[in-house]
Each structure stands twice: as structure tokens, then as C-alpha cells.
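S.K.: Residue numbers (my numbering), protein chains in the order written: chain F, 80 to 391; chain H, 80 to 391.
Think of the hints as simulated: they come from the structure by calculation, not from any bench. Treat the hints loosely; a few may be bogus.
To be clear about the criterion: a stretch of chain F counts as covered by chain H if any three or more of its residues have a C-beta under 8 Å from a C-beta of chain H, and this derived list gives those stretches [stated by the list, open to error]:
#1 102 to 116
#2 160 to 168
#3 184 to 198
#4 207 to 217
#5 261 to 269
Chain H is nowhere near these chain F residues, computed Cβ spacing over 12 Å in every case [stated by the list, open to error]:
#6 Thr81
#7 Thr130
#8 Glu139
#9 Glu181
#10 Asp253
#11 Asp324
#12 Gly336
#13 His377
#14 Leu380
We put the beta carbon where it would ideally sit given N, CA and C, even for glycine.
Protein chains: 2
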Amino acid sequence: MTRIVRVGAAQMGPIARKESRSGVVDRLIALMRQAHSAGCDLVVFPELALTTFFPRWLIEDPGELDDWFEREMPGPETKRLFDEGRHLGIGFYLGYAELAREREATHHYNTSILVDKAGRIVGKYRKVHLPGTVDPLSGDPGQHLEKRYFEVGNLGFPVYRAFGGIIGMCICNDRRWPETYRVMGLQGVEMILLGYNSPVGLDGDPFEVNALEPFHNHLVMQSGAYQNATWVVGVAKAGHEEGFDMIGQSAIIAPSGEIVAMCRTLTDELITHDCDLDAGRYYRNTIFNFAAHRRTEHYRLIVERTGAEPPS
Amino acid sequence: MTRIVRVGAAQMGPIARKESRSGVVDRLIALMRQAHSAGCDLVVFPELALTTFFPRWLIEDPGELDDWFEREMPGPETKRLFDEGRHLGIGFYLGYAELAREREATHHYNTSILVDKAGRIVGKYRKVHLPGTVDPLSGDPGQHLEKRYFEVGNLGFPVYRAFGGIIGMCICNDRRWPETYRVMGLQGVEMILLGYNSPVGLDGDPFEVNALEPFHNHLVMQSGAYQNATWVVGVAKAGHEEGFDMIGQSAIIAPSGEIVAMCRTLTDELITHDCDLDAGRYYRNTIFNFAAHRRTEHYRLIVERTGAEPPS
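Just need the whole structure built from these sequences, with the hints factored in.
M.R.: Structural data, given as C-alpha cells:
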């Protein structure tokens, strides 16, 4: 059995606030067709791929807020995307704002799904590491209110047998946390799919962190890939969206940590790669043979302590 | 109170098998004096800095093996180094093979110590992530027998208040494991000192991992620094030693993940940097505010599982 998965990373340019879901789905379908023409098994779309990045605004009306969310998946506008995927025989990863009815209440999550070539949802992930704040920062033109609008994901970091391998998912800020990759690595993950929306220039700071945003983006994905011997497919919503700049440089990263394909624009752009799911085997059997080398007795603080506590 | 620590990273070129401890200490003192002339508060030496990298050979005679270890620290040959440090008023990190008498038995560790400007040992670390094998690999000209010669460190990853900040240590292969940095990050570490001996070309492998060794070396240190908002000072024993090549590129890495100083040779070479221990504060207060963002309930597999277990 072949262990090559041809993956398309379908970066998106900006989505305007007024852009309709239907218009966005047209763009997704165009990218999906392009990926299919390139022979892809799987196409990866960004985080919150159906709308503009609405957490940048304070939205106080609950009904207006919920309009940014999907009540069902597939829903009225997204059904066409599922149908097209099934028709073409191509799977996809899609990020969206999920309005879920669970435990007799309504819940809001920043979610991604994995859909197989038959159009079936075979995996779901809800973002664990929500960045930003609950309350708006006064005087800041660009807010980042994910902690206000979303609950912390309640599914952990599951992996799924799909596309001939073991596939995991995460979303945006999750990629900065080594725990994200490691929990999936301990489940033998072979490919991690992740979408992101990463604004530049939200804060002034003395160490010029904003100029480093593209560097940090790749640094965390490359180290997460290498340290867990897994492919990582990171896909941006990029460009100048509603007055704010978002980084691009969507990348397909090998288990060696090397970037093997990268977007060069800030627009809708597809890159592809034939990902050999056995490419991580050498690392798994030697330097990153977890069973041989990990010493969990010395890691306990990772779960026993949340915040940093300096010694007395 | 100033929070600038001027650090010297004192890379060493190869140490021949026949080179005496005394000759090596001469080299360490020369580097220490150079660091003092450059105004350093602290100079960082490599892992196993007193001898050649002896785990590359199978040594079957226990007495011959123990000759590579230090029975006391400072000992007969290393006392001069401590005296010189105290005389100059400069601290140091030193890696060495430690023969310890504990629990009524003799123990072997791959150890580092932190010595203050008064020549007092103020911190000790014993390597947790021992690479290589217990048994020699047949047909391999270069062995890596750390698992045979050393016990797993029994001190965890402690941090120490020293040099006006919070200082942690690790050794060589520890740097590839995100748990290493995170356990120290959760103790508020501001600077991690680490020495390494990293051979190139021990294995043939289909993915040309050997050519990537210098890239991986920096990748893991840079991500560990950034993800924990800490300085990392990584110091190599480098060059062509007893028929084997070892990587150099010793580096001082800022909490941004940026390499701010790097060795350009494979010989004894000092690089220095004024490390602002407050440089990580911006990250600690925002994107890497652990208390605000970490979700330990989803990290449990990191301590509950040692090896990778694919889903059924």
C-alpha cells in the first residue's frame, strides 16, 4: 500500500466583512478544483475559513455574533463544498466557527473538521489554546477576542486513521505550544493539519516582536514537526483584511523540520507536496524513539502546574 | 538592579584521547581569561568538557572507564579552574562525567554544574535524556554508548537563583526535547545553559538526517527559547575529534528565538552577549502567559504515556 498522500495547502487571501458565505465557498471550491487538478488527495483550508476574522471586533449583540457561526456542518452554504469534494474524490480540512447544541446548552467553538474523499466528516477538533482576551483592550484598534467568543475545546487532541495514515489537527495559536504536537506525537501522528489567522502589529512592544511573526510562525511548526517526526501542513488566511495585515507563508513541513513547499503571495494560492508518511520513521526509530528516551517522571510539572512559578 | 548578564559561550575544539586533564584545564582557563577580559559575568563550557567524547568507544574495563570520570569537583586538576574563576570574579557552567557515591553505591552521571563568581557550586544538573544505546551497534565505527555508561539523571530540571536571575541547565540531547525547556519554563527560567557534543554521520539513513544536524541543533534551541521566553546558551565541543566530526555553531539565543551570537569556527572560540534577563517579559505577559493560556487537562498523555501508541 502506498503511503504517499498528495496534500494541497490552500492559502486564502483576505475575506471582507461583507463577503457572503456563498462567495467564500465559491473561492474554496475554486481552490479545491485546483487541488484536484494537481492530483491532491486532500486539501487544507485555513482557520475560520468561511468568514472574515471577526474576533478582531467587539460584537455585543448575541444574534449578530452568532451570525458568524455555523449551526450545522455541512450547512446551507457549505453543502456545495462537501458535494464537490465527494464528486471530485478529494478530502479536506476546514476551519469554521461552530455553534453546537450540547449538554442542553449552546456552545461556541473554534473548530476544524477532517472530511474524507466520500464527503464524510471523519474527524473533528476544537481549538484548545485560545489567544487574546475576554475583555476588549481599551485604546487598541485591533482586538483579539477569541477568549470572549469561544469556549476552550473539549475534545483534546485526537488523531484519526484517514488517508492511509494517522492524521491530527490543531488551529492557529495551538501551533505555538509544544504540548499540542507532543500529545498527538504520543498517538503516533504522521500528519498534522492546521489553519491559522495571524495578525501582525496588534501591540507595540519594545522587542519588536511583530517583525518576527513570520519567523515565529515557521519556527514553531518546524520544531513541532521535527520533535514528533510528523508532517505539518500550516495554512494561512493572509493579507490585508479589514484594515489589518495577516501573515501568509503557508507551509508544508517534513518530519525533518524542513519546509518543502511555501506560499509566496498573500492571496488565494495553492501549494502541493507528495508527503511520504514513512518519512518520519527514521526519527521515530532512533533519536525520537519515545519509548527508549522519554523520562516522564521528570515531566510532571507540565501537567501539575499551569502558570510559571519562580523558585522562592 | 541591573538585569544584564554578560555571557561568554566558550566553544571548544576537539580534545584528543591522549590529552591530559591538566592540558584541557589550561585551555578552559585561557577561555575563561578571554571571557573575563571581555567583561563576562559567566562563561559556559561544553558537555563533558574535560575529556574527549569517550562514549564513542566500547570500554569494557571498569577501571579504565572510571578514569574518564571525576571523583570530586573541584578535583586535583579542576581546582585551578575554580581558583581562577574566583580570582577573576567570573562564574561558569562546566559539563563533566561525574562519579558519585550515593545511597552506598557508586553512580555515574553526565553532569553539569553552575559555579558563582566566588567559586562556589550553586547548581547541579544530571542529564536526563541519554541518547544512544546500552549495547554497541555491530559494524558501526562510531558508537554512542551514553545509555551504557551513565544513569538517567535523578535531579529533574531544577532552576537556580544566580547571576541576578533564574538560571537552568541541561545537556546536549536534552535540548531536542520540548519537555526539558517547559519544565524549566514553568519555574520561570530566564536563561538555560547547555553544553553539547553532537557527532555527525554516525548512521546512514535514507533521509539524509546527518546533513541536517546543524539545522536541528539551532531549531530545537530557538524554539525552546521562544516558547519559554528564555535565553538559551548552547555551547559545543566541535571539530574533528578522534576520527569523528562534531558540529559547532555554538549560539546565544534570545527569548525571541533569534540567534544573537554564533561561533564561526570549530575550534576553541569565545562569543559573548549582554543578555537582558527582562527581554522575555513581553512574551511572558502576552502570548506565553502560561497561567492565561495553558490547558493542562489536555496534556495528560505527556506524563501518562512514555512511548507513542497509534490508535487502534
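S.K.: Would you mind marking each hint as holding or not holding in the structure?
M.R.: How the hints compare with the structure:
no., hint, result
1, 102 to 116, "violated (count 0)"
2, 160 to 168, "violated (count 0)"
3, 184 to 198, "violated (count 0)"
4, 207 to 217, "holds (count 4)"
5, 261 to 269, "holds (count 6)"
6, Thr81, "17 Å, holds"
7, Thr130, "24 Å, holds"
8, Glu139, "23 Å, holds"
9, Glu181, "17 Å, holds"
10, Asp253, "10 Å, violated"
11, Asp324, "17 Å, holds"
12, Gly336, "5 Å, violated"
13, His377, "5 Å, violated"
14, Leu380, "5 Å, violated"
The structure is inconsistent with the numbered hints 1, 2, 3, 10, 12, 13 and 14, although it conforms to all the rest.
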